[in-house]
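Read top to bottom, the protein sequences are chains A and B. For reference, each letter of the first sequence is one residue, going 1 to 606 in my numbering. For reference, each letter of the second sequence is one residue, going 1 to 360 in my numbering.
Read the hints as simulated data drawn from the structure, not as lab findings. Quick caveat: nothing in here was measured; it's all calculated off a predicted structure. Don't take each hint at face value.
[What the hints assert, rightly or not] So the derived label-pair ranges between C-beta atoms look like this:
| no. | chain 1 | residue 1 | chain 2 | residue 2 | range |
| --- | --- | --- | --- | --- | --- |
| 1 | B | 151 | A | 360 | 45 to 51 Å |
| 2 | A | 439 | B | 35 | 36 to 42 Å |
| 3 | A | 360 | B | 172 | 49 to 55 Å |
| 4 | A | 439 | B | 96 | 38 to 44 Å |
| 5 | B | 185 | A | 436 | 46 to 52 Å |
| 6 | A | 536 | B | 357 | 53 to 59 Å |
| 7 | B | 172 | A | 143 | 31 to 37 Å |
| 8 | B | 185 | A | 89 | 45 to 51 Å |
| 9 | B | 46 | A | 581 | 57 to 63 Å |
| 10 | A | 360 | B | 357 | 42 to 48 Å |
| 11 | B | 357 | A | 288 | 53 to 59 Å |
| 12 | A | 582 | B | 269 | 23 to 29 Å |
| 13 | A | 143 | B | 46 | 50 to 56 Å |
[As the list claims (entries may be wrong)] Far from chain B by the CB rule (all over 12 Å, computed), these chain A residues:
| no. | residue |
| --- | --- |
| 14 | 66 |
| 15 | 90 |
| 16 | 91 |
| 17 | 104 |
| 18 | 159 |
| 19 | 482 |
Heads up, the beta-carbon is just placed ideally off N, CA and C, and yes, glycines get one too.
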Amino acid sequence: MSAANGAGARPAVEVRDLCVSMIGSGVPIVSGVSFDVAERETLGLVGESGSGKSTVAVALLGFARPGLEITGGSVRIGEVEVLDLKDEALREARGELVSYVPQDPAAGLNPAHRIGTQLREAFQVHEKLGKNELRGRIEELLKAVNLPTDKQFLRCYPHQLSGGQQQRVVIAIAFACRPRLIVLDEPTTGLDVTTQRYILETINDMAANFGASAVYVSHDLPAVAEVAARTAVMYAGRIVEVATTEQLFSQPRHPYSAGLLNAAPSAHQANRLVGIEGRPPRPGHWPQGCSYAPRCPHARADCRQAVPPLAPTESGSLVRCLHPMAVSDGGVLRLVPSPKPEVKGGEALEIERLVADYGGRQILHEVGFAVKEGECTAVVGESGSGKTTLARCLVGLHTRWDGEIRLDGESLRQGARERSREQLRRMQYIFQNPFGSLNPTMTVAENIEEPLRHFESLSRNERRAKALEVLGTVHLGEDFADVLPGRISGGERQRVAVGRALVVNPEVLVCDEITSALDVSVQALLVEQLRDLQMQRGLTMVFITHNLAVVRSIAQNVIVLQTGTIVEAGSVEGVLSAPKHPYTRQLLEDLPTLDPAEQATAGGAK
Amino acid sequence: MHAEADSGAVVPGPGSPEAGGQQGLSHWMRVHPVTSMIVRRILLGVVTIVMIAIIVYAATLVIPGNAATAILGRNAQPAKVVQLEKELGLNEPVLTRFVNWAENAIQLNFGNSLGEGVAVTQREKATENSVTSLARDRLANSAILVAAAALISTLLGLLTGVYAAYRRDGFFDTVGSVVSLVASALPEFVVAIFCVLLFATSLFTWFPAISVLEPGQSILSEPEKLVLPVLALVIVVTPYMFRMTRGAMIEALDSDYVEFARMKGASTARIAFRHALPNALPPIIQVVGLNLLFLAGGIVLVEAIFNFPGIGSMLVAAINGRDVNEIQFIVILLAVFYVLLNIITDVCVLLVTPRRRYPR
């Protein structure tokens, strides 16, 4: 299996035929997962939500989440068979032999304990250390992850740290007992690029310095490309491809791997993003044969007969596909430059000298820009740069601002309540979190009809008709009309939210990080859909995001915000290809990239 | 927003480009949140007590009869009643009487008991018949009753709740949930009578059915008389403790930090008591506080049933005898207890919630 990493040596970690099922029904969640990790090697494990990657991650620690059980297979780390360990021995192994970095450090750290207590615990549950030795070891750890070592820091509670600091504390805890294997479960999700870059570097350094192997689980392909030497792709509970990261990202052999890569936006080229329609099969509903066949553009009749084996290819990788894509085929990912919308003359939205404060602190400093009709302007910046406050000022949700916001030449009042109904209708807002922005007790159609009640006087049937029409526009279809939001996926929910904004025929759409909670394949679908709408309807958009790659795909102009000030503005082409401000350059440099050539130069520059 | 502890721990890092920014906070906001909350709560508490005092005074005016009729009895001649009313100052304007009463109340002088055998002439002086000194021994007995019931039910509810949450849907949890549901559906007087039937009269005769003592005698001198009243209160109160603890613990055990603790290799006991419990404490403390308040009211009925010489049975007797002074004193006493307990509960919740103790 470890064709890619030297011959002879027995791999440090060997996973064979790992199976996890639901307790009771026996429905498989993870089926026959096998891979090796060499010493000091980092293996990437990628897949979208529901692929079972997180279940595999925790199974490496002999753990199954509530309702699940490990039903078979073997996880050997060093000389220890983890799945044979019971009670006390298993407890000892966790943290000492194999450790875990959870996805959300803010939730993983205990809010009731100080940082120092949590760091000490990592040692104390495994070995008895003297006070001074303990202090020394903690200091060493904190230095390794570049955190302050003073008493004041140790006395902080988790909520007093930033997201990046929290994640570094969690990484320090995971490395505390120098385990043989570290399992990182989406450790950079939710961090901005600069912090993410830093965390990725920390992980790489720590793995090298502490001589640990690592399994890096993520849905973020570029992040995996940064840290992993080899990568395994998971789909519907099975591994579908294992290859060196370089091979996988330049010449994917499995159609699903290729699909993921086509969906990933790039900051360097404005490509048309190709999403993957449909959705992964749910556990218990895996199709006969290849589980990807129902969504696969290359599927043939024999794909649906039996589950294909994970077979070696001539290039040394392993692929679970009867008709893997040809090397040349996979290499040339069909990248189509994204079309440019026509921009009409007038300025739809003008912002001048916008100053806003929040809790007595100034968030925006004299921000000014204009968006032409039919154009999309992206607003980028790290968390805390004031992007969201800007968006909320535009739509009147944040009312403490000064300056001038003009919609089609009309000056707007501060709060949404003071604006006219027509002004409100013309500018719609889409929220970041599709799980929170739809009313869970109303059906999809009722959610979409809601703005119609405010803005138009229509009969019940007319409203219903409009809602159904909009569902068609966002490619959901009438089947979704009478479903509750809780029963549909995040991507589908976000499309409903887009539909709810579109139903009143707005001229300006303010999108606040609307793709950040979505998988790449779903993000691609949504971005393409928004651009289509922009072109068909001449929609003007303000697209708030921290993801520069998405900016390239959707926007024509971009403004870069740093602590509430515009540091750079211009065409996407100009700003992203030839950034002038050091902050923009930093953001671009910090962005993990899929392109191996780019990576080599980026690595060389450091 | 990042890393601004009020302890001054400003820890800049690559993840937190912004720093500083406290200049906008007013001086008032800088006061430690615990201190400012206590101050606010005490002020509010004083207002509450004043309002309760007004209501209690008004209520004792409304109930039929007054101090004069209470002293002279039902068959008194109207002329004598009028004369005594004059002597007691009952014919003065209500406001004047209230102000006089409130002035005395602040000095803990609630007047004398109006019960039989207390001479009218003594009413100005503080004597052994003053309401406060009459209540002293009974207050101690009630405090012992409440404290014992609270201690036992809290420990019992906490431990069973933690265990049920840890073995969720197991035998203990299922049985415990059903039993607690049934027990919490029973009112305290039913439970009390049931206890008497079971343990004092028919089936077992282990404990005395009533808890009569000599005046001035402490309940501690005959602890067996304490058992059934405490048992009745424990049965009434523990189910709430159990269910709240169980719920809060289940939520905490489902959290990411508990999973992470497991992944660190923490032991079962450590996970339950060091990781989950501290985070489950705020709702548990709330319910302990509520239960104590409930107990303070619950003793009225339970004491009456057991004839327990406490504040509760004293209140019942006072109401029956129209002993205005006693009623006022006991109700105000309970009100102060309520207010104090509320403050203590809220402070405790604040103390176990670092997020609120150290806002960023």
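The hints, checked one at a time:
1. Here the CB-CB span from residue 151 of chain B to residue 360 of chain A is close to 46 Å, well matched to the stated 45 to 51 Å.
2. Between residue 439 of chain A and residue 35 of chain B the beta carbons are some 41 Å apart, a value that agrees with the proposed interval 36 to 42 Å.
3. At about 52 Å, the CB distance of residue 360 of chain A to residue 172 of chain B agrees with the hint of 49 to 55 Å.
4. Checked against the given bound of 38 to 44 Å, the beta carbons of residue 439 of chain A and residue 96 of chain B, roughly 59 Å apart, lie outside it.
5. Distance hint check for residue 185 of chain B and residue 436 of chain A: the Cβ-Cβ separation is about 37 Å, which falls outside the suggested range of 46 to 52 Å.
6. At about 54 Å, the beta-carbon gap between residue 536 of chain A and residue 357 of chain B stays in the expected band of 53 to 59 Å.
7. Here the CB-CB span from residue 172 of chain B to residue 143 of chain A is close to 47 Å, at odds with the stated 31 to 37 Å.
8. About 46 Å separates the C-beta atoms of residue 185 of chain B and residue 89 of chain A, a value consistent with the hinted range of 45 to 51 Å.
9. Distance hint check: the CB atoms of residue 46 of chain B and residue 581 of chain A are about 58 Å apart, consistent with the given range 57 to 63 Å.
10. Hint check: residue 360 of chain A to residue 357 of chain B, Cβ distance near 21 Å, so the stated range 42 to 48 Å is violated.
11. Here the CB-CB span from residue 357 of chain B to residue 288 of chain A is close to 57 Å, well matched to the stated 53 to 59 Å.
12. Checked against the hint of 23 to 29 Å, the C-beta distance between residue 582 of chain A and residue 269 of chain B comes to roughly 53 Å, which is inconsistent with it.
13. The supplied range of 50 to 56 Å is met by residue 143 of chain A and residue 46 of chain B, whose beta-carbon atoms lie about 53 Å from each other.
14. Against chain B, the non-interface label of residue 66 of chain A is violated: not every CB pair exceeds 12 Å, the least being about 7 Å.
15. Non-interface call for residue 90 of chain A relative to chain B: violated, since the shortest CB-CB distance, roughly 9 Å, does not exceed 12 Å.
16. Not every CB of chain B is more than 12 Å from the CB of residue 91 of chain A (nearest about 5 Å), against its label as outside the interface.
17. With a minimum CB-CB distance of about 6 Å to chain B, residue 104 of chain A fails to clear the 12 Å threshold, and the non-interface call is violated.
18. Not every CB of chain B is more than 12 Å from the CB of residue 159 of chain A (nearest about 5 Å), against its label as outside the interface.
19. At roughly 31 Å, the least C-beta separation between residue 482 of chain A and chain B is larger than 12 Å, which holds for a residue marked as non-interface.
Consistency note: the structure conflicts with the earlier hints numbered 4, 5, 7, 10, 12, 14, 15, 16, 17 and 18.
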